[in-house]
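Colleague: Sequence:
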Amino acid sequence: MRYDEIQSSLQRASVLLKAMSNERRLQILCYLSEGEHSVNELCRLVGLSQSALSQHLAKMRRDGLVQPRRVKQTVYYSVAGGEVRRILDTLHELYCPSGIEQSDDQPSPAPPHPFDSEPASKA
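Just so you know, we're using our numbering here: the sequence shown kicks off at 2 and counts up by one.
A hint or two may mislead.
What the hints assert, rightly or not - For each label pair, taking beta carbons as the anchor points, the in silico distance ranges come out as:
no., residue 1, residue 2, range
1, Tyr32, Leu95, 14 to 22 angstroms
2, Asn41, Ile7, 39 to 47 angstroms
3, Tyr4, Gln51, 40 to 48 angstroms
4, Ser22, Gln51, 21 to 29 angstroms
5, Tyr4, Arg70, 36 to 44 angstroms
6, Arg13, Lys73, 33 to 41 angstroms
7, Gly82, Val40, 14 to 22 angstroms
8, Thr75, Arg3, 40 to 48 angstroms
9, Lys73, Met2, 40 to 48 angstroms
No lab work stands behind these hints, which were simulated from the structure alone. None of these values were measured; they are calculated from a predicted model. Where is the CB? At the ideal position from N, CA and C, for every residue including glycine.
Taking the hints into account, I'd like the entire structure generated from these sequences.
Modeller: As structure tokens, this is what we get:
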């Protein structure tokens with residue numbers, strides 16, 4: 002790979018990772034990785050106002066992470082491109098191990114802290 006090709010690849014990776022580094026945007030992308038959602042659905046799922054959500058979606062659209070689709074008055078968003086999906090799949094594999102699947106309405110319980118358990122008594 003030539004130097005200019007490497008620089009171009011690094012720049013693209015940097016843009017994607019910077020856009021994904023915001024916790025709210027990553028949350029939005031996680032929902033979109035499950036399938037297309039309308040703006041109203043995303044507002045409900047992530048708990049943001051339409052104005053705040055629109056700002057996040059605009060940044061992700063500019064950075065090539067999501068793509069909109071308009072049907073009459075409703076705008077639907079989905080993950081744009083295979084590279085974004087592959088990154089999300091890798092993050093899901095690393096941080097959402099199988100067997101810990103949750104329903105959308107139930108927050109996950111915090112794992113027990115190792116220091117919360119009582120020390121074993123000495124006999």
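Colleague: Taking the hints in turn, state whether each one holds.
Modeller: Hint-by-hint comparison with the structure:
Tyr32 and Leu95 have their C-beta atoms about 18 angstroms apart, which keeps the hinted 14 to 22 angstroms range intact. One distance hint, 39 to 47 angstroms for the beta-carbon pair Asn41 and Ile7, holds here, with the actual separation near 42 angstroms. Tyr4 and Gln51 have their C-beta atoms about 44 angstroms apart, which keeps the hinted 40 to 48 angstroms range intact. Range check, Ser22 to Gln51: Cβ separation about 23 angstroms, and the 21 to 29 angstroms hint holds.
Roughly 38 angstroms separates the CB atoms of Tyr4 and Arg70, a value that falls within the hinted 36 to 44 angstroms. A hinted range of 33 to 41 angstroms holds for the C-beta pair Arg13 and Lys73, which are about 34 angstroms apart. Roughly 20 angstroms separates the CB atoms of Gly82 and Val40, a value that falls within the hinted 14 to 22 angstroms. A C-beta distance of roughly 45 angstroms is found between Thr75 and Arg3, which places it inside the suggested range of 40 to 48 angstroms.
The given range of 40 to 48 angstroms is respected by Lys73 and Met2, whose C-beta atoms sit roughly 46 angstroms from each other.
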